[in-house]
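Heads up: the protein sequence lines correspond to chains A and B, in order. Note that UniProt numbering numbers the first sequence so that position 324 is 324, with each residue one more than the last. Note that UniProt numbering numbers the second sequence so that position 145 is 145, with each residue one more than the last.
In case anyone wonders, no lab produced these hints; they're calculated from the structure.
Selected chain A positions facing chain B (Cβ under 10 Å, derived; list incomplete): (1) 126; (2) 233; (3) 235; (4) 242; (5) 244; (6) 254; (7) 331; (8) 337.
Glycine included, every Cβ here is placed at the ideal spot set by N, Cα and C.
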Amino acid sequence: MAGLATIAKRLLEALPTLFGVILVTFVLTRALPGDPAVYYAGPAADAESIAQVRHAMGLDRSLPVQFASYVKGLAAGDWGVSLSTGRDVTEELGRRLPASLELTLLGLLIAIVVAIPLGVLAATRPNSLVDHICRIIVTTGVSMPVFFTGLLLVYVFYYQLGWAPAPLGRLDFMYIAPDRVTGLYLVDSLIAGDFEVFRASLAHIFLPALTLGIFALAPIARMTRAAMLDVLSSDYIRTARASGLAMRTVLFTYALRNALLSVLTTLGMVFSFLLGANVLVEKVFSWPGIGSFAIDALVASDYAAVQGFVLAMALLFVTLNLTIDLLYAVIDPRIRAAN
Amino acid sequence: MSALLEVSDLSVEFRSRAGTVHVLDRIALSVARGETLAVVGESGSGKSVAAFSIMGILDDAARIPNGRVDFGGMDLLKAKRRELDEVRGREMAMIFQSPRTALNPIRKVGHQIEDVLRRHGPVARGDAKRRAIEALEQVRIPDPGRRYDAYPFELSGGLCQRVMIAIALCCKPRLLIADEPTTGLDVTTQATIMDLLAELGRETGLATLLITHDLALASQYADRIAVMHAGQVVETAPTASLFAAPRHPYTAGLMGATPTSTTALDALESVPGRIPPLNADLPVCRFAERCSRRVAECDDPGPRFDADAQAPDHYFACRRPL
Numbered sequence: 001m002a003g004l005a006t007i008a009k010r011l012l013e014a015l016p017t018l019f020g021v022i023l024v025t026f027v028l029t030r031a032l033p034g035d036p037a038v039y040y041a042g043p044a045a046d047a048e049s050i051a052q053v054r055h056a057m058g059l060d061r062s063l064p065v066q067f068a069s070y071v072k073g074l075a076a077g078d079w080g081v082s083l084s085t086g087r088d089v090t091e092e093l094g095r096r097l098p099a100s101l102e103l104t105l106l107g108l109l110i111a112i113v114v115a116i117p118l119g120v121l122a123a124t125r126p127n128s129l130v131d132h133i134c135r136i137i138v139t140t141g142v143s144m145p146v147f148f149t150g151l152l153l154v155y156v157f158y159y160q161l162g163w164a165p166a167p168l169g170r171l172d173f174m175y176i177a178p179d180r181v182t183g184l185y186l187v188d189s190l191i192a193g194d195f196e197v198f199r200a201s202l203a204h205i206f207l208p209a210l211t212l213g214i215f216a217l218a219p220i221a222r223m224t225r226a227a228m229l230d231v232l233s234s235d236y237i238r239t240a241r242a243s244g245l246a247m248r249t250v251l252f253t254y255a256l257r258n259a260l261l262s263v264l265t266t267l268g269m270v271f272s273f274l275l276g277a278n279v280l281v282e283k284v285f286s287w288p289g290i291g292s293f294a295i296d297a298l299v300a301s302d303y304a305a306v307q308g309f310v311l312a313m314a315l316l317f318v319t320l321n322l323t324i325d326l327l328y329a330v331i332d333p334r335i336r337a338a339n
Numbered sequence: 001m002s003a004l005l006e007v008s009d010l011s012v013e014f015r016s017r018a019g020t021v022h023v024l025d026r027i028a029l030s031v032a033r034g035e036t037l038a039v040v041g042e043s044g045s046g047k048s049v050a051a052f053s054i055m056g057i058l059d060d061a062a063r064i065p066n067g068r069v070d071f072g073g074m075d076l077l078k079a080k081r082r083e084l085d086e087v088r089g090r091e092m093a094m095i096f097q098s099p100r101t102a103l104n105p106i107r108k109v110g111h112q113i114e115d116v117l118r119r120h121g122p123v124a125r126g127d128a129k130r131r132a133i134e135a136l137e138q139v140r141i142p143d144p145g146r147r148y149d150a151y152p153f154e155l156s157g158g159l160c161q162r163v164m165i166a167i168a169l170c171c172k173p174r175l176l177i178a179d180e181p182t183t184g185l186d187v188t189t190q191a192t193i194m195d196l197l198a199e200l201g202r203e204t205g206l207a208t209l210l211i212t213h214d215l216a217l218a219s220q221y222a223d224r225i226a227v228m229h230a231g232q233v234v235e236t237a238p239t240a241s242l243f244a245a246p247r248h249p250y251t252a253g254l255m256g257a258t259p260t261s262t263t264a265l266d267a268l269e270s271v272p273g274r275i276p277p278l279n280a281d282l283p284v285c286r287f288a289e290r291c292s293r294r295v296a297e298c299d300d301p302g303p304r305f306d307a308d309a310q311a312p313d314h315y316f317a318c319r320r321p322l
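Work the whole structure out from these sequences, hints included.
This is the structure in structure tokens:
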């Protein structure tokens, strides 16, 4: 199958990148100020006990040796132990990654559902009211920092109106998390058929996802508008109009599908911005995701956790880029042919 | 002979940063049923704009201050988009230059034909595919069943233009507007495409409005020729009559600039000057600046069209004709 071969090829091509990421994070974490041995030996420790801790952690070995043992561990699926929590890094990430992913994906979904129709409308009626509204939303979206949007939404919808639950994590304490299948509460609760939990987790995730959505809206709407304008002035749209095709067919079957090629590129970029913005949103909403985990790990000089976080992100990006490339091939036959 | 398409008194302006551009100045054209009218002129003479205004696919910046486009009794300029869409693709169709970009790059050509078929009539699902393949067969595309699944990038320019013709003719229109249909194709392909158009025209009684800068091509395929210059129709006549005795100096100039099998390249003359900028104040005769026969009365306002006393159906817009 050509598709599978392409995937395999792309994954192989990603290996050097991943190795580079591993190496750079390894060096960078070591170069950062802060000595984990001092940190974990505690404030009362003397030089001897610090040296003991350092030896126990393997930090007295040379950097190449440490790196080799880290890579060897990775190859065996061992990402190391988080010193601040005492658990395996893979376990920590496995628990928190779905929370972050659920938030990011829902934020992206909200952004797409609003931004693409908005961009299409704005492009079909340049300089109309819709176009101006689009421009205002886009400008507001990019100029508001996410933590500010988040705080504003919490202030209005939780504090003032009381419509939203307290911004404290994924679920109220009185609910029990659904059985884990995907780790996404919205999906898992539906699988379990537990609509009450679904409603509760939706209520919790809505504001932080909306925060991310507002942030992601701007680039998607702008790109959709630009790409649609470009496509609408193309020769084949003129042909479609000269053939008397219905407005709907011209706009969606002919124009939007072609415009989506550029929008898809933007989506990839927006998704990576969102992962960055996540860190702040997770803090504001006490969301138990990997962003807040990474910040804590960084402060504590928790090497394995920081490295694990960056590696997880890198893997996510590789997967994301692969997905986008595959989607390109779905939309564009020219790319299918080139593969 | 009643005209199928009758364009009268049509002006088109474009608003641009450099002021209003008067692209068409009260032009008149008519095409009878089954007839081929060629509109000839150099680049920028407004040929394509004329075609686009007939089809209602002008750019948003365009404005039509006056004129009438009568197609089978319907005024296309006054028609609503919905009414126009009933006519476009079904009653009249258009093919364009650069066929590669005129087709949707990410849609199978077969589906692009089906889109038009479905739009203009109830077609059963399986029937649409059969009729699309028939349409491909009609334009002599070899192996039409396989080409149905092809994307434009998989086809040569000549095949793409055939697909365009198939799209245009699949609903059996009465009028085909062909805007420089052979530009960008190699010479042998040009000839086969033109022959195909002529043949299909004869078979189906199709009227054709052929837009070209190539006078030789026009003389070969058109029943009548309208010569345009700077947004004005300067002369219109049956092909034989026009070539026998051109009355407008510009037509004569174009003929002098067109190579034939018997003239040497050195003997070719170019029309002096160039099309005047259309955003400035324009003289009554837009060719006056380039014309060696200009006299004072050329600048008088008033009608300029005159009929040739000897040749029927031969009109020219010149106060001092040849």
